[in-house]
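Colleague: Spelled out from the first residue to the last, the chains are:
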Amino acid sequence: MTGDKPLGIVLIEMGILVILGPLVTGIIQKIKARLQNRQGAGILQPYFDLIKLLGKGTVQADTASGFFHSIPILVLATTVAAGALVPVVQSGPPAFPLGDALMLLGLLALARFLTAVGALDAGGAFGGMGASREMTIAPLVEPVLMMVVFSTALAVGSTELGILAEQRGTSWILAWRAADFLGLAAMLVLLPAETGRIPVDNPDTHLELTMLHEGMLLEHSGPGLGCMLLASHTRQIVTLGLAAALFFPIGPVGAGVTGLLLGLCTFAVKILVLAVYLALIESSYAKLRLFQVPQYLGIGFVLALMSLALRIL
Amino acid sequence: MNIEIVHAVIDDLGALLLFTMIIIVGASQISRAIYAVAFQSLFIAIAGAVLAMATGNVDLWVIAGITLTVKAIALPWLLLWAIRRMDVKREVEPVIPDLATLTLAVMFVVMSFHLSASLGSVRQAISGNALPVGIALTLNGVLVMATRKTALSQMVGLFASENGIFFTAMAVTKGMPLIIEIGVILDVILAALVMTIMVLRVRSTVDADIADLDRLRG
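Going line by line, the protein sequences match chains A and B. For the first sequence, my numbering assigns the number 1 to the initial residue and increments by one for each residue that follows. For the second sequence, my numbering assigns the number 314 to the initial residue and increments by one for each residue that follows.
None of these hints come from the bench; they were simulated from the model. For each residue, glycine too, the CB sits at the ideal point set by N, CA and C. Heads up, a few of these hints could be off.
[Claimed, not checked] Now the in silico label distances, taken between C-beta atoms and shown as ranges:
no., chain 1, residue 1, chain 2, residue 2, range
1, B, M366, A, Q36, 42 to 50 Å
2, A, G106, B, W374, 48 to 56 Å
3, A, Q45, B, L393, 40 to 48 Å
4, B, A413, A, P139, 14 to 22 Å
5, A, S283, B, W374, 37 to 45 Å
6, B, A387, A, A268, 39 to 47 Å
7, A, G259, B, K462, 57 to 65 Å
8, A, G55, B, Q342, 43 to 51 Å
9, A, G55, B, M420, 53 to 61 Å
10, B, M420, A, R289, 24 to 32 Å
11, A, Q292, B, K462, 16 to 24 Å
12, A, F291, B, L393, 23 to 31 Å
13, A, F96, B, E317, 35 to 43 Å
14, B, A504, A, G42, 53 to 61 Å
Assemble the whole structure, with the sequences as input and the hints as a guide.
Modeller: This is the structure we're talking about:
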C-alpha cells in the first residue's frame, strides 16, 4: 500500500533514529546512575565510546573466517534498514512500497541471527555461550512481538506501521479497547527482553554467567565493535519506536516544516517515556535466572494471546 | 453518562482485571500476587463507581466504597501481615509447572469468551465484556487455588475468584440489593480471618503447611 510520504522524509527518519539511538542509551544509563545515587557518565558518553572505538585498530581471532569481518557491517545495515520502517516525524505509509511491521521484525531477527553467527564464527567459548542463550530467548520473544503487532493490525486492517500509527494518532485513550490494554501490557513485558535489559539480560556486565548480548560482542574489536554497539543502540530505539507507533495515542502529525518538527518533538517525548520506563524497571528488578526467563516471557505470551483472542472473539 | 462510554470503560477495566489475574497466576513471589489481587479489587471498586455514576444507583457507591476499604486495603494488608508473621520469604510452590498453569489460564480466558459469545441475546443486556471477564476471573481463581501448595497462595486464589463473582454480579444486575452485597463481603472477611488464624495456628503447632497435611494418618 502506498501513501504520500516521500523518500526524503523516510531517509531523514532513518538518520534521526541512528543519531538518537546512542542518546537514548545515554539517558537510560544516566537515570539508572541517579537512581543508584551515583553521578554517572554524561548522557553523551555512548557517542564518545563510539568515536573512540572507530579510531582504534582491529584485533581478530586466528580461528575467525573472512566472513567475520563483514558481520558488524551487515548487522548495522540490517538494523538501520529496519529503522526505515518506523514512522518518526510523519505517520502514514510511504509513497513507495517499503515493507510493513513484519518486515521490521524480520530484519531485527536477521540482525540477531548474524550477530549469533559472528559469535560462533570467532570460536570463543563465551561467544558460543552467548549465541546459544540468545537463540534460546529469541524464539520466545519474536512470536509474541508478532502477536502484539497482529492484535493491533487486526483492528486497523493493515500491517503497515505508518497506517497503524496514523490510526492510533486519531484515537483517544477512551477509544482504547480491552485488547489494546492487554497488547500494551504484553509489549511492556517484552521491551526489556527485546532491548537486552534487566530482567532478561544485563547490558552493563561482562561477567560470564549473566551476559547474553555482551557475550556475542566479545570477539569484536575496534571499528567492528563500534558498529555492533551502534547497531544495538539503533535496535533499541527501533524497538521503542515500534512500541510507540503501535500504542501511543499522540501520533506524528502535520505537514510542512513545523509539522515535521512537531512530529519530532512528540516522537522524542514518547521515546523518553519508554526510556524512563526501561530505566525504572532496570533499577528496581534483579536479573532473572536464565531458566526463569521463559516464565517471565510466558506472561507476555499469555497477555498477547489474550489480546489477540479478544480481537477475534 | 453516555451508555457507550460506560461500556467502553467497563471493557477496559475488564482488560486490566484480566491483566492482574495473569500476574497472580504467573507470580513467582507471593507478595507480588497479593499486590496484584489488591489492584484487582481496586479496579472492581472503580467499575462499581462507574456503574453508580451511569445508573444513579446509590447502593453501588456504598458497594464501591466497601470494596475499596475491605478488599483493596484491609484484606491484602491482613495477608501481608500474615506473611511477615510467618516469615515466608519463599516463592509460591506450584503443583504443576508455571508455564502449564499459564497455558491453562489462557485456555480458561479464551473458553469463557467463546462460551459467552454463544449466549447471543442474553449478552446484549450486559455491559460490555463483563460476563466473560467475570467467568474467566472466577475460573482462574479456582485454578490458582488448585495449583498452589501453600495456604496463603490459595487464599489469594479464593479472593481473586470472589472478585470475579462480584464483578459479574455487579455488571449483570447493575447493582444487587445492598444487603446481599454486605452479606457477601462479611462472608469474605470472616473466611479470611478464619483462614489466617488457621494458617498461623497450624504453622505454630506443627510447623507444616497445609500441603503436608495429606500425609497425616490417624
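Colleague: For which of the previously enumerated hints does the structure constitute a violation, in increasing order of number?
Modeller: none
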